[in-house]
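Participant: Same order as they appear, the protein sequences are chains A, B, C and D. Per the numbering used here, the first sequence runs over residues 1 to 261. Per the numbering used here, the second sequence runs over residues 1 to 261. Per the numbering used here, the third sequence runs over residues 1 to 261. Per the numbering used here, the fourth sequence runs over residues 1 to 261.
Be aware that one or more of the hints could be misleading.
For identical chains, the list gives no copy identity; a pair is met inside one copy or between any two copies.
Stated by the list, open to error - Computed cross-link-like contacts, DMTMM-like style, restricted to lysine to aspartate or glutamate with a CA-CA straight-line distance of at most 25 Å:
{"#": "1", "residue 1": "Lys9", "residue 2": "Glu72"}
{"#": "2", "residue 1": "Lys9", "residue 2": "Glu82"}
{"#": "3", "residue 1": "Lys188", "residue 2": "Glu47"}
{"#": "4", "residue 1": "Lys188", "residue 2": "Glu82"}
{"#": "5", "residue 1": "Lys255", "residue 2": "Asp150"}
{"#": "6", "residue 1": "Lys92", "residue 2": "Asp15"}
{"#": "7", "residue 1": "Lys188", "residue 2": "Asp210"}
{"#": "8", "residue 1": "Lys92", "residue 2": "Glu72"}
{"#": "9", "residue 1": "Lys255", "residue 2": "Asp84"}
{"#": "10", "residue 1": "Lys255", "residue 2": "Asp187"}
{"#": "11", "residue 1": "Lys92", "residue 2": "Glu82"}
{"#": "12", "residue 1": "Lys9", "residue 2": "Asp84"}
{"#": "13", "residue 1": "Lys255", "residue 2": "Glu55"}
{"#": "14", "residue 1": "Lys92", "residue 2": "Asp210"}
{"#": "15", "residue 1": "Lys92", "residue 2": "Asp150"}
{"#": "16", "residue 1": "Lys255", "residue 2": "Asp15"}
The hints are simulated quantities; they were obtained by calculation from the structure and are not laboratory data. Owing to the predicted nature of the structure, the values given are computational and were not obtained by experimental measurement.
4 protein chains.
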Amino acid sequence: MMAHALRRKLYVQLDPSRWPASGLSPLNALICTAILVATISAVAETEPLIARGREALFARLEIGFGLFFAAEYLGRLWTAAEADGARPPWRKRLRFVLSPSGLIDLLVLATTFAPFLTSNAQMLRLLRLFRIARLAKLGRMSTAMRHIADAVASRRMELALTAGFGAGLMVAGATALYWLEGAVQPDKFGSIPRALWWAVITLTTTGYGDVYPVTPAGKLVASLVAICGIAVIALPTGILAAAFSDALQRAREAKARGPEA
Amino acid sequence: MMAHALRRKLYVQLDPSRWPASGLSPLNALICTAILVATISAVAETEPLIARGREALFARLEIGFGLFFAAEYLGRLWTAAEADGARPPWRKRLRFVLSPSGLIDLLVLATTFAPFLTSNAQMLRLLRLFRIARLAKLGRMSTAMRHIADAVASRRMELALTAGFGAGLMVAGATALYWLEGAVQPDKFGSIPRALWWAVITLTTTGYGDVYPVTPAGKLVASLVAICGIAVIALPTGILAAAFSDALQRAREAKARGPEA
Amino acid sequence: MMAHALRRKLYVQLDPSRWPASGLSPLNALICTAILVATISAVAETEPLIARGREALFARLEIGFGLFFAAEYLGRLWTAAEADGARPPWRKRLRFVLSPSGLIDLLVLATTFAPFLTSNAQMLRLLRLFRIARLAKLGRMSTAMRHIADAVASRRMELALTAGFGAGLMVAGATALYWLEGAVQPDKFGSIPRALWWAVITLTTTGYGDVYPVTPAGKLVASLVAICGIAVIALPTGILAAAFSDALQRAREAKARGPEA
Amino acid sequence: MMAHALRRKLYVQLDPSRWPASGLSPLNALICTAILVATISAVAETEPLIARGREALFARLEIGFGLFFAAEYLGRLWTAAEADGARPPWRKRLRFVLSPSGLIDLLVLATTFAPFLTSNAQMLRLLRLFRIARLAKLGRMSTAMRHIADAVASRRMELALTAGFGAGLMVAGATALYWLEGAVQPDKFGSIPRALWWAVITLTTTGYGDVYPVTPAGKLVASLVAICGIAVIALPTGILAAAFSDALQRAREAKARGPEA
């Protein structure tokens with residue numbers, strides 16, 4: 001009986017949708033903090049200037065976080081039996097284990113406790129960050145998420161067209177510069193895929209400067225591509241601005257019509 | 001009789017405006033996919049790291065796609081007789097052959113089957129991408145296309161003015177830096193056309209770093225040009241955002257007034 | 001009598017505000033074209049790759065354009081007597097000569113016919129471009145110009161604040177990097193004015209790459225400055241978008257209220 | 001009695017909220033100008049090309065500005081007794097001394113008169129710029145400030161989400177390039193913190209060019225990160241544009257409902 005009450009309490013703490021108050025439950029807030037600190041630790045660990053001489057500290061941190069997240073996993077496994085539905089507890093638990101989030105949790109735990117199974121632990125540990133998004137999907141944050149997703153979705157055809165226009169421009173620019181500069185700079189423009197690297201970095205207005213045209217004709221075409229880069233940024237920004245504006249307007253009008261509408 | 005029924009069926013499949021359901025007909029979906037794959041293959045073929053040792057494969061792919069698109073061309077030529085109008089079939093077919101899209105198709109086919117006629121096959125093969133735009137000009141995609149075109153067209157004077165302002169700024173900045181830096185860096189700022197390359201790359205905030213001022217006065221003017229670059233991006237973005245917003249607003253109001261309006 | 005009728009006719013052609021039809025008068029259209037061609041010629045003349053061996057051609061072009069614009073100037077001087085008002089013709093003409101546009105015209109003519117008076121002819125010849133703006137200030141172009149100017153003016157305090165925020169960020173970032181990187185890269189960050197060059201190029205997201213921090217602390221601060229650069233672009237763009245949107249909305253509402261409003 | 005009248009007069013001049021007319025009081029306008037000139041002088045002083053041979057001039061300027069701001073500080077201290085409230089004058093003055101602005105003023109004065117106390121005088125002198133913001137927080141400027149703050153605040157969840165999305169993208173991109181390029185360019189991508197420098201400079205589309213991928217896989221991932229950089233700029237810009245638009249719309253509707261609303 002007491003175990004059931006404890007399980008219920010823990011379930012309310014662990015499942016964001018069950019927490020009655022707004023915001024995160026204390027336990028989930030602690031877990032989010034632990035994820036952030038563990039991520040910062042995993043990032044810092046790779047930098048020799050920080051990690052040299054502190055290998056033991058980072059190893060202990062990793063084990064500590066691993067134990068903490070393992071305990072959390074067992075807690076979720078145990079309390080999964082509290083989920084709604086008439087199925088027997090073991091089926092609810094299996095459902096949790098086989099859910100995408102359950103599998104990701106298990107995979108990340110493996111990078112700590114079964115390092116021989118995975119070669120790129122850093123990449124996998126980042127998956128923990130997705131958990132923050134999942135846990136924080138609550139209240140006002142969730143509303144904001146839906147606002148952005150709705151605005152993007154409502155204009156998805158226009159955004160897709162803009163992306164298609166950008167992609168076409170990219171391929172056309174890369175082909176033109178392959179043709180104009182390929183012979184002069186074969187290592188940089190000697191093939192269309194190589195020229196595509198230049199086209200992406202130019203159209204996004206990043207401009208590293210590792211690749212740029214040197215012939216007058218190449219510079220002329222590159223100028224046109226760079227100028228079109230303004231459209232590639234201005235069009236989606238304008239479309240998104242209008243979509244957000246429209247969503248706010250509709251919300252205001254719905255409010256003005258009152259609750260009976 | 002059977003040939004006529006087949007020709008009718010093929011025509012419905014090939015002409016996007018005849019397809020009764022929304023979206024692409026199965027045949028046109030196949031053609032779009034073939035165009036994308038053929039383009040990727042044409043792009044990859046130019047990269048030695050990919051193509052070396054696979055010349056035969058790429059040659060066979062090119063011939064394969066060529067035969068496929070030749071068959072499509074013949075199909076469109078044959079079914080062109082089904083087009084609306086009282087003219088004799090041969091005039092309808094001539095109309096297709098002499099239409100811009102028919103001529104582009106023929107030109108692209110020539111790069112495969114008459115390579116001795118064209119020197120830059122890669123450029124011409126890209127023209128196939130236009131066909132995707134033509135085939136996909138349908139339903140919701142077509143509505144989105146019209147939305148963007150309408151928004152741009154409704155504010156074309158403002159956008160032209162912004163472009164004029166940007167062009168003026170470009171020429172003024174280039175002339176100033178030609179005057180200030182021409183003697184110090186003659187290969188980079190030794191003429192206004194050379195300085196224009198710098199001005200384009202700066203005003204679009206690309207900033208490759210192959211050309212930049214080195215004198216204090218040059219840096220001061222370049223700073224002003226770079227700061228104006230923000231306006232050159234912010235103005236058209238703002239104008240487009242307002243145009244898209246206005247179009248959505250008008251659409252909503254038209255809907256609110258009801259169908260009789 | 002005939003001279004008067006001719007003068008009147010020429011005046012209607014030359015003064016944009018007198019032209020009864022929309023658009024430019026044929027003579028002003030010719031003048032605009034001549035200004036554009038003369039500017040392109042003046043730009044091209046500075047490039048040795050274009051001008052070498054064609055010095056005589058460019059000299060003749062410059063003299064030709066000079067004579068054309070001198071004739072235009074004399075025409076405007078002659079027809080100035082047709083301007084509204086009761087003053088004697090010589091006062092109207094003096095008014096034209098001493099007007100900003102009259103003085104600019106005279107200054108530009110001096111670069112051709114009195115080259116010994118001016119040292120940087122290229123800069124001065126660009127002033128001709130202002131004339132295009134003046135001549136084209138007509139009809140729909142003029143409306144669009146007023147739209148942009150109104151939108152910018154209506155939010156000038158917000159835009160000034162954003163500029164102030166950007167300037168403060170620039171000075172703060174430059175001071176921080178002067179302090180953090182000054183000793184390591186004295187030629188690049190050895191003074192706040194030098195660091196300001198870096199700050200401008202970073203905040204505008206141009207990023208030439210001639211100056212960048214190399215110490216971890218410098219990179220951390222530079223990262224923050226670069227991230228704030230997004231706000232420096234997003235804020236004015238958002239403000240302008242809202243201003244344009246508001247202007248369109250007001251225009252639509254004024255129209256909806258009807259002509260009696 | 002006369003001292004009281006003078007103190008009252010000075011208080012009205014010094015405290016922006018007491019000045020009856022719009023804009024700055026003459027004394028505060030002088031102080032703002034002095035702050036700007038002192039800041040420019042402090043910036044110019046660090047540049048050897050400007051300061052060499054003028055050390056005495058800059059030292060005298062610094063002492064002069066120091067005396068001016070010391071006199072202002074004493075004036076504010078003296079007139080603080082005029083502040084509202086029933087507390088004794090010494091408590092009102094202590095309140096001024098211990099207020100953030102009073103402490104900053106004192107700190108900046110220390111850089112001039114007690115240089116042995118502070119090591120980085122330049123940084124501290126910049127704090128004077130905050131005073132301009134405080135003094136100018138008036139009338140229309142204050143309204144504009146509140147407009148921007150309100151718009152940002154009303155969409156703070158959406159902006160925070162976008163920042164979170166950008167941060168996640170940054171860490172993911174840095175980890176991917178650490179993994180793909182770490183072995184090839186250990187000094188540039190040899191740790192995630194090093195790769196984060198690349199990620200920030202790429203996502204903000206700055207692109208110095210000191211760090212960029214060289215392997216095909218690295219370039220592919222970097223291309224995706226650079227393309228996502230467009231979203232990282234477009235999303236907050238669109239959100240801010242809609243927020244500003246919504247604020248203007250609400251202001252117009254409130255006005256339309258009239259003063260009784």
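Participant: Now, for every hint given, state plainly whether the structure supports it.
Facilitator: Hint by hint, here is what the structure shows:
{"no.": "1", "hint": "Lys9 - Glu72", "result": "within (14 Å within a copy, 62 Å between copies)"}
{"no.": "2", "hint": "Lys9 - Glu82", "result": "within (10 Å within a copy, 59 Å between copies)"}
{"no.": "3", "hint": "Lys188 - Glu47", "result": "between (31 Å within a copy, 11 Å between copies)"}
{"no.": "4", "hint": "Lys188 - Glu82", "result": "neither (60 Å within a copy, 49 Å between copies)"}
{"no.": "5", "hint": "Lys255 - Asp150", "result": "both (18 Å within a copy, 20 Å between copies)"}
{"no.": "6", "hint": "Lys92 - Asp15", "result": "within (14 Å within a copy, 53 Å between copies)"}
{"no.": "7", "hint": "Lys188 - Asp210", "result": "both (9 Å within a copy, 15 Å between copies)"}
{"no.": "8", "hint": "Lys92 - Glu72", "result": "within (17 Å within a copy, 55 Å between copies)"}
{"no.": "9", "hint": "Lys255 - Asp84", "result": "neither (34 Å within a copy, 43 Å between copies)"}
{"no.": "10", "hint": "Lys255 - Asp187", "result": "neither (61 Å within a copy, 57 Å between copies)"}
{"no.": "11", "hint": "Lys92 - Glu82", "result": "within (8 Å within a copy, 61 Å between copies)"}
{"no.": "12", "hint": "Lys9 - Asp84", "result": "within (15 Å within a copy, 54 Å between copies)"}
{"no.": "13", "hint": "Lys255 - Glu55", "result": "neither (58 Å within a copy, 65 Å between copies)"}
{"no.": "14", "hint": "Lys92 - Asp210", "result": "neither (55 Å within a copy, 53 Å between copies)"}
{"no.": "15", "hint": "Lys92 - Asp150", "result": "neither (32 Å within a copy, 46 Å between copies)"}
{"no.": "16", "hint": "Lys255 - Asp15", "result": "neither (32 Å within a copy, 43 Å between copies)"}
The structure fails hints 4, 9, 10, 13, 14, 15, 16 (numbered hints given earlier, in ascending order).
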